[in-house]
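Number of protein chains: 2
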Amino acid sequence: MNHRGELHRKNLHTVFYPRSVAVIGTNKVRGSVPGDIFVNILQSGFQGIIYPVSPREKSIGGLKAYKYVIDIPDEVDLGVIVFPSSVCKLALEQCGQKGIKSVIIISAGFREVGEKGLAKEKELLEIAEQYGISFIGPNCLGVINTDPISRLNASFARKYPAEGNIAFLSQSGALCTAVLDYARAKNIGFSKFVSFGNKADISEIELLYYLMDDPKTKVILLYLEEISDGPGLMRAARDVIMKSHKPVLILKSGRTEEGASAAASHTGSLAGKDEICDAAFKQAGIIRCEDIEEMFNIAIAFVYQPYPEWKRVAIVTNAGGPGVLTTDAVVKEGLELARFSEKTTLSLKKSLPTTANIKNPVDVIGDARADRYVAAISAVFKDENVAGVFVILTPQSMTDIDSIAKEIARVADQFDKPVYTSFMGEADVASGIKILERNNIPHYILPESMCKPFHTVYNFNRFIHNEEPEVFVSGHPPNLVAKELLEKAIEENRKYLNEYDASLVLEAYRLPVVEKRMATSAGEAGKLAAEMGFPVVLKVISDDVFHKFDVGGVVLNISSETEAEESFRTITESVKEKMPGAKIRGVQVSKQIQNGVEVILGIKKDPSFGSVIMFGFGGIFVEIFRDVSFRVAPVGKSTALQMIREIKSSELLSGVRGTQLRDVDAIAEAIVKLSFLAIDCPQIKELDINPLIVLEEGRGCYVADAKIILEN
Amino acid sequence: MNHRGELHRKNLHTVFYPRSVAVIGTNKVRGSVPGDIFVNILQSGFQGIIYPVSPREKSIGGLKAYKYVIDIPDEVDLGVIVFPSSVCKLALEQCGQKGIKSVIIISAGFREVGEKGLAKEKELLEIAEQYGISFIGPNCLGVINTDPISRLNASFARKYPAEGNIAFLSQSGALCTAVLDYARAKNIGFSKFVSFGNKADISEIELLYYLMDDPKTKVILLYLEEISDGPGLMRAARDVIMKSHKPVLILKSGRTEEGASAAASHTGSLAGKDEICDAAFKQAGIIRCEDIEEMFNIAIAFVYQPYPEWKRVAIVTNAGGPGVLTTDAVVKEGLELARFSEKTTLSLKKSLPTTANIKNPVDVIGDARADRYVAAISAVFKDENVAGVFVILTPQSMTDIDSIAKEIARVADQFDKPVYTSFMGEADVASGIKILERNNIPHYILPESMCKPFHTVYNFNRFIHNEEPEVFVSGHPPNLVAKELLEKAIEENRKYLNEYDASLVLEAYRLPVVEKRMATSAGEAGKLAAEMGFPVVLKVISDDVFHKFDVGGVVLNISSETEAEESFRTITESVKEKMPGAKIRGVQVSKQIQNGVEVILGIKKDPSFGSVIMFGFGGIFVEIFRDVSFRVAPVGKSTALQMIREIKSSELLSGVRGTQLRDVDAIAEAIVKLSFLAIDCPQIKELDINPLIVLEEGRGCYVADAKIILEN
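Those sequence lines, one after another, are chains A and B. So the first sequence is numbered by UniProt numbering: it starts at 1 and just counts up by one. So the second sequence is numbered by UniProt numbering: it starts at 1 and just counts up by one.
In case anyone wonders, no lab produced these hints; they're calculated from the structure. Be aware that a few hints might be false.
As the list makes no split between identical chains, a pair holds if one copy fits it or if it spans any two.
[Said to hold, decoys possible] Here are the simulated lysine to aspartate or glutamate pairs, DMTMM-like style, with alpha carbons at most 20 Å apart:
(1) K548 / E577
(2) K434 / E646
(3) K332 / D274
(4) K359 / E112
(5) K89 / E507
(6) K648 / D627
(7) K332 / E646
(8) K382 / E566
(9) K273 / E333
(10) K332 / E226
(11) K488 / E290
(12) K98 / D71
(13) K673 / D606
(14) K452 / D291
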C-alpha cells in the first residue's frame with residue numbers, strides 16, 4: 001500500500017466513528033438530498049455532535065447552522081458535502097483549512113457526466129492531496145455505521161438498517177436503496193454500509209483493508225461495476241481472507257460488455273474480460289456471486305452458522321417431493337447425502353412412525369409436528385457422517401409451523417454444525433420464517449437454494465486452511481536479454497516478433513524451446529539439419545510474415561539432407577511468390593519433436609488485471625469448447641498445476657482411457673516461467689506458444705512455435 | 001388413446017364439474033383429512049349438492065349423513081373416498097353399484113407403503129374396470145376447480161386458490177400445499193388444481209388431454225416424480241401444444257437418481273436417465289423447469305402477456321447498476337438489447353432530462369417519477385425494433401412507486417408487446433408490486449429473472465408456428481431379416497452380436513455398411529482383399545470376442561495381397577493365444593474408408609421412454625465433454641439434422657476453421673434408419689456404430705464398426 005493508502009486507512013476510521021460531523025450544504029427541504037441527509041444523521045441516533053453548514057439558513061432542525069465550515073468554533077472530524085458539484089471544490093478546500101481529514105462527497109456531476117466532470121473530480125483529488133484529506137465519493141449515497149457507539153447514517157437512504165455483521169460496499173447508489181429494503185424485509189443486519197460512487201479517492205481496496213480490522217464485520221459484500229486496479233483488489237481481498245478469515249463476496253456487473261473482439265492470437269481471442277475476472281477472483285479466494293439474492297443467500301450462511309467441515313448433508317422434510325428436488329440439487333451442486341450410522345437409523349426408527357422414511361432424505365411425513373422434527377434433527381445432528389442439516393417444511397394442516405421453527409433454533413444451538421432451512425410457501429409460513437431469522441437460522445425460499453451457500457462456505461473453509469500463500473511478485477531481477485529484444489523491436493516499430501525472435505525471448509526465461517538454427521542458403525540448411533538429426537522442420541524467418549503456413553513458409557517431416565536443401569528452396573520461392581515484398585532473413589532449421597501431445601500457453605494483457613496466463617489443449621477443440629484456464633501473473637507452481645488440472649481435456653495428459661501419462665510437471669514449470677516473463681515485460685501485449693509439445697512423464701516439453709504481439 | 005383413455009376423458013369432466021358429490025368416509029373431526037375435505041367442499045361455495053357418507057354420524061355440518069353411498073336416494077356424480085385404505089375397495093365397489101363413474105380416492109396406504117399396498121391398489125383398478133369407473137389417486141391431496149359454475153374444493157388443502165388460467169397437476173400432495181401458499185401470496189390464480197398421487201388409474205396423460213379442451217386453462221404446469229409411459233406423455237404434451245397452443249411446463253424431480261451405471265456400450269454410458277428426459281421433453285415441445293419459482297416465473301409470462309415475436313428487448317430503469325446487471329443477463333440468456341430507431345431516440349431526448357441515458361438500457365435517473373417512466377416506456381414500446389420491455393425500479397426517495405406501477409399497466413395495455421417488471425427491494429415496493437400483479441403485469445424479484453421467461457415464451461411461440469408435425473410411428477413394416485437374426489441370437493442365448501452379424505442387421509435397414517466379406521483361410525483373405533481394392537482392414541469374427549482390439553483381432557491399413565494373407569495368420573494366432581477358448585468363425589475383410597471424420601451413432605433402451613438414439617463425435621472428446629445429443633425413436637429427418645447441429649463439435653462437419661464440409665445429410669439419413677430399427681426391434685438393448693465414417697459432402701458415410709447388446 002502506498003502512502004496515500006496508509007493515510008486512508010487512518011482517516012477511514014474517522015469516516016465511520018467521527019465525534020462530530022459537519023453537513024456541508026444542507027437545507028431545510030425534506031425530500032431533497034441535502035435536506036434528507038441532515039435529517040438522517042439527526043434521526044439515526046448519532047452519538048456525536050452535528051453541525052449543519054448552510055449559506056442561507058440560521059438554524060436547521062433546531063440546530064444552529066453555520067455559513068461556512070470554517071466558522072464552526074469546535075473541532076470537526078467528518079465533513080459530508082452535499083453542495084452542487086460547482087461548489088464542492090471550495091467546500092473541500094475549507095474542510096482542509098478547518099483540519100478535517102475525513103470527508104464524504106455525496107454530490108453528483110463529476111466523472112459520470114463526462115470530460116468536464118472528470119476535470120472537477122481531479123481538482124478535488126488535488127485538494128485532498130494538498131490537505132491530507134481522504135474522501136469517499138463523489139456521486140454516492142453515503143455511509144452508514146450501525147455500531148451503537150456511533151450510529152451514523154450519513155446517507156440519503158430511506159432506511160436505517162438493523163445492526164449486524166455484514167458489511168456492504170457498493171459502487172452503485174441506487175442498488176443500495178434496493179438492498180436496504182430487501183435486507184430489512186429479511187431481517188438482515190449490517191455492520192457498515194458504504195456507497196462509494198466514483199471512487200475518485202477512497203476505493204474498494206482501502207475499504208477492504210479497513211474492514212479487515214473491523215471487529216463488527218464478519219463478511220464483506222461488494223458490488224462493483226468497474227475494476228480499475230485488479231492486482232490491488234486481488235491483494236487486498238487475499239489479505240482480508242487469509243489474515244482475518246473474513247469472506248469477500250463480489251457481485252461484478254458488466255460480464256458481457258466486451259464481447260468477442262478481433263484478436264491476433266489464440267490467447268487474445270479466448271481470454272474474454274469476464275473469464276479473466278473469474279480467474280482472478282478464484283486466485284484471490286474471492287467468492288463471485290451471480291446476483292443480489294445469491295449474494296445474501298451465501299452471506300447469511302457465513303454469518304449465522306458454523307462452517308461445514310465436509311460435504312455430506314442430511315435432509316429432514318415433511319414432504320417427499322421437495323425432499324427429492326433437494327436431493328437432486330445436492331448432487332448437482334457436488335455435495336453428497338450423508339449415509340446414516342446404525343445408531344442414527346435406530347434412533348430414527350424408534351422416534352418416527354413406521355410410515356416415515358428413515359433414510360436420507362428423512363421424511364417425517366405430512367402430519368409431523370414439532371416433536372417429530374426435533375427427534376429427527378437431533379438424531380442426524382449427532383451422526384458423525386453428517387456435516388450439516390437441511391430442514392424443509394411444507395405447511396400442511398397438522399403442521400405447527402412456529403413451534404417447529406423455535407425447536408429448530410433450540411436444537412441447532414446445541415451442535416457445532418450448520419443448519420439451513422426452507423419453509424415452503426409464503427403467507428402460512430411467514431411467522432415461522434420470522435422466528436428462524438430472529439434466531440440466526442438461515443432461511444431460503446426454495447429448498448434447492450440451500451446447496452450453493454453450503455458448498456461455498458465449505459470451499460471457503462478449505463481455502464483458508466489449505467491454500468498456500470500466493471507469490472505476488474516475481475522475486476528475481478528481470479532478464480535483460482529479453483527486455484532488449486523487445487525494446488529494440490518496439491523501436492523498430494514492429495507489431496510482432498517472428499518465431500525466431502520470440503524464441504530468443506522465451507529462451508532468455510529458460511523456457512524449453514526446441515533446438516533451432518538459422519540457415520541462409522540451401523546448403524547450410526542441409527548441413528545444419530544433418531548435424532541436428534532427422535526429422536527436422538524448416539520455417540521461413542521474416543519480420544513481414546505473420547502467418548507462415550499461409551505463404552508456404554513451413555515444411556515438416558524432413559528426413560534427409562537433400563530434402564532439407566530442397567525444402568529451403570521451396571520455402572524461399574513460395575514466400576517470394578506469395579509475398580513479393582517480404583524481407584526474408586533466413587530459414588530456421590529445428591528439431592521435429594515426435595510422439596508428443598500439443599498444448600497451448602499464452603499471455604494476454606488485461607486492462608484491469610495486467611498480464612494473464614492462459615493454458616489450453618491444442619487443436620480445434622480448444623476453440624470449440626473454450627476449454628482453457630487463466631490466472632493473473634505471476635503464477636506459482638501449485639497454481640500452475642491447478643490451471644492444468646482445471647480444464648476438462650487435462651484427462652488427455654493423465655494416462656487414463658488409453659492415453660499416456662504426460663510430463664505435467666514440465667508444463668507447470670513452463671507456465672511459471674512464462675508468467676515471470678509476462679510481469680517483467682509489459683511490452684508484450686499478447687503471446688502464443690502454440691504448440692507446446694509435451695512428452696511422456698519425465699521427458700519434458702518443448703516450445704515448437706511461438707509468436708509475440710507487441711504493445712505498440 | 002385406448003378405450004380406457006376415452007372413458008377417462010368423459011369421466012374427468014365430471015370430476016371437475018359434478019352436479020353432486022358424496023364424501024365417503026367423512027367425519028366431524030376438524031383437522032383430520034376426512035373431516036377437512038367435507039368442510040372444504042362445503043365452504044368453497046360448491047354449486048352442486050353434497051352428501052356426507054359416514055358409518056357413524058347421522059348428520060355432518062348440518063347435512064343429513066348416509067351410512068353407505070348406495071343409501072343416497074338421488075343420483076351422485078362424483079365420489080370422494082376418504083376411508084382408511086382397508087375399506088376403500090368396498091367403498092369403490094358401492095360407488096360402482098350406485099352408478100358413480102368419477103371418483104377421487106384421497107386415502108393413503110397403497111403402492112407407497114410396499115407390496116401389500118400395491119396389491120390393494122390393483123384391486124381398486126379391477127373394480128374400476130368392472131364398473132367403468134375412472135378414479136384419481138389414491139394417496140393424493142384431491143382436486144380443486146375454481147370455475148364459478150363449479151367451485152369445487154375436493155381436497156384437504158388449507159387454501160382455496162384464486163380463479164385464474166393456470167392448471168397445476170402434481171404427483172406430490174405436499175408440494176401442492178406449498179404451491180397454493182406461494183401462489184396466493186403472489187396473486188396467482190388457478191383454473192384446475194389436481195394432486196393425482198399414485199396415478200393408479202388416471203395419470204397426467206389423461207389430465208393433459210382433458211385440459212387441452214378446457215377453456216379456462218391457458219397454461220399447464222406439471223410436477224412429476226416418475227414417468228411410467230414416456231412416449232404417451234410425449235404424445236399427449238405434443239398434442240396439447242400443437243393443437244391447443246397451450247404450453248406444458250414440467251418440473252421433473254429425480255434428475256440425479258440413477259448416476260453413471262456400468263454400461264457395455266458408449267451409448268449406454270453416455271445416455272443418462274436425465275439427459276434422455278431432457279431430449280424427450282425438447283422433442284415434444286415440453287418446457288422443463290428447474291424449480292417451482294422458475295416454473296411460476298415462466299407461467300405468469302405466458303398467461304399475463306402477449307408472446308414476443310423476436311428477441312430484442314428494451315430496458316427502462318431508474319438505476320444504472322441494475323440496468324447493467326440485467327443487460328448482462330439478457331446477453332447471457334441469448335437475448336439481445338434492441339437498438340432504438342432515430343425517432344425513438346429523439347422522443348427520449350425530448351422527454352427525459354439531459355443527464356438520463358437515452359440508449360438501451362434507458363436510465364430515467366434516480367429522481368424519476370411516473371411521468372418520466374411513462375414517456376420512456378411509451379417511446380420504446382412504439383419502436384419497431386423492440387419486441388418487449390423490461391421495467392426496473394429501485395425505491396429512491398423521490399420515486400412514486402404506486403403511480404409508476406399503475407402507469408406501467410395503463411401504457412402496456414395499449415401495445416401488443418409484452419412488458420415484464422422488477423421493483424427491487426421488498427417492503428417499500430410491496431404495494432406497487434400488488435398493483436402490478438392485480439393488473440396482470442408479471443413481476444420478478446430479481447431483474448435478471450425476466451430474461452428466462454421472455455426467452456422461453458419466444459421459443460414456444462416459434463415452436464408452435466414453425467415445428468413440423470413429428471412422426472411418432474415408423475410407417476413401414478418391420479424388416480424380417482433383422483428380426484430373425486436378433487431372435488436367433490437370443491435363442492442361442494448370446495448377449496451380443498459381433499460386428500459381422502450386427503452389420504447384417506444394419507444392412508437390413510439399409511444403413512451404409514462398408515463392403516465386407518468373410519474369409520476362412522489366409523489365401524481367401526488375400527484374394528478377397530485384392531478383389532475389393534486396397535487398403536483393407538481385417539478383423540476376427542467370433543461370438544466370443546467382444547473387444548476385438550484387445551486380443552489382437554484387428555489389422556488396419558493392409559495394402560497388398562501378401563500383407564492380407566499374413567494378417568489373417570497374425571489375427572488367428574493372436575486370438576487363439578489370448579483367448580484360447582474363443583471359437584473363430586472367420587476373418588472379415590473390409591474396405592478401409594479414407595479421408596473421413598468419425599462420428600458415433602447409438603441406440604439405448606430407456607425404461608421410461610423406450611428406444612433412444614444418440615449422436616456424437618468420435619474419439620476421446622465425446623467422453624470428456626459428453627458432447628452428444630439424444631432423441632426418442634423414431635426420429636424424422638429434420639429432427640436428425642437438429643441432433644447433429646445441436647452438439648458443439650458439429651462445427652467440425654461444417655467446413656469452417658479449416659475443416660471440410662462433410663455429408664451431414666447422409667448422417668441424418670443414417671440416424672432416421674437407425675431409429676426405425678430401434679423401434680422395430682425391442683430385442684436391442686444397446687447398439688453402437690463406432691465409428692460411422694463421414695466423407696465430404698455428397699460422398700456419403702459408412703458404418704465401419706458396430707456392436708449390438710441384446711435384451712437377454
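These are the hints, each one checked on the structure:
1. Taking the closest pair of Cα atoms, K548 and E577 come within 20 Å of each other only inside a single copy of the chain (13 Å); across copies the shortest separation is 51 Å, beyond that limit.
2. When the C-alpha separation of K434 and E646 is checked against a cutoff of 20 Å, the pair qualifies neither within a copy, at 42 Å, nor between copies, at 47 Å.
3. Proximity of K332 and D274 under a CA criterion of 20 Å is satisfied inter-copy only: 12 Å between copies versus 24 Å inside one chain copy.
4. Only between protomers do K359 and E112 lie at most 20 Å apart by alpha-carbon distance; the minimum there is 15 Å, versus 58 Å within a single protomer.
5. Taking the closest pair of Cα atoms, K89 and E507 never come within 20 Å of each other, the shortest separation being 54 Å inside a single copy and 86 Å across copies.
6. In this assembly of identical chains, K648 and D627 lie within 20 Å of each other by CA distance both inside one copy and across copies; the values are 7 Å within and 12 Å between.
7. Proximity of K332 to E646 under the C-alpha cut-off of 20 Å is restricted to the intra-copy arrangement: shortest distance 18 Å within a copy versus 23 Å between copies.
8. Taking identical chains as interchangeable, the C-alpha atoms of K382 and E566 are never at most 20 Å apart, the minima being 79 Å within one chain and 70 Å between chains.
9. Taking the shortest Cα distances, K273 and E333 sit within 20 Å of each other only across copies (18 Å), while inside one copy they are farther apart (26 Å).
10. For the homomeric pair K332 and E226, the shortest alpha-carbon distance between copies (19 Å) is at most 20 Å, but the shortest distance inside one copy (32 Å) is not.
11. With identical chains, the CA atoms of K488 and E290 are never at most 20 Å apart, being 45 Å at best within one copy and 58 Å at best between copies.
12. In the homo-oligomer, the alpha carbons of K98 and D71 lie at most 20 Å apart inside one protomer (9 Å), although the nearest pairing across protomers, at 97 Å, exceeds that limit.
13. Only within a single protomer do K673 and D606 lie at most 20 Å apart by alpha-carbon distance; the minimum there is 19 Å, versus 51 Å between protomers.
14. Proximity of K452 and D291 under a CA criterion of 20 Å is satisfied in both settings, with 13 Å inside one chain copy and 14 Å between copies.
In summary, the structure is inconsistent with hints 2, 5, 8 and 11 from the numbered list given earlier, while agreeing with the others.
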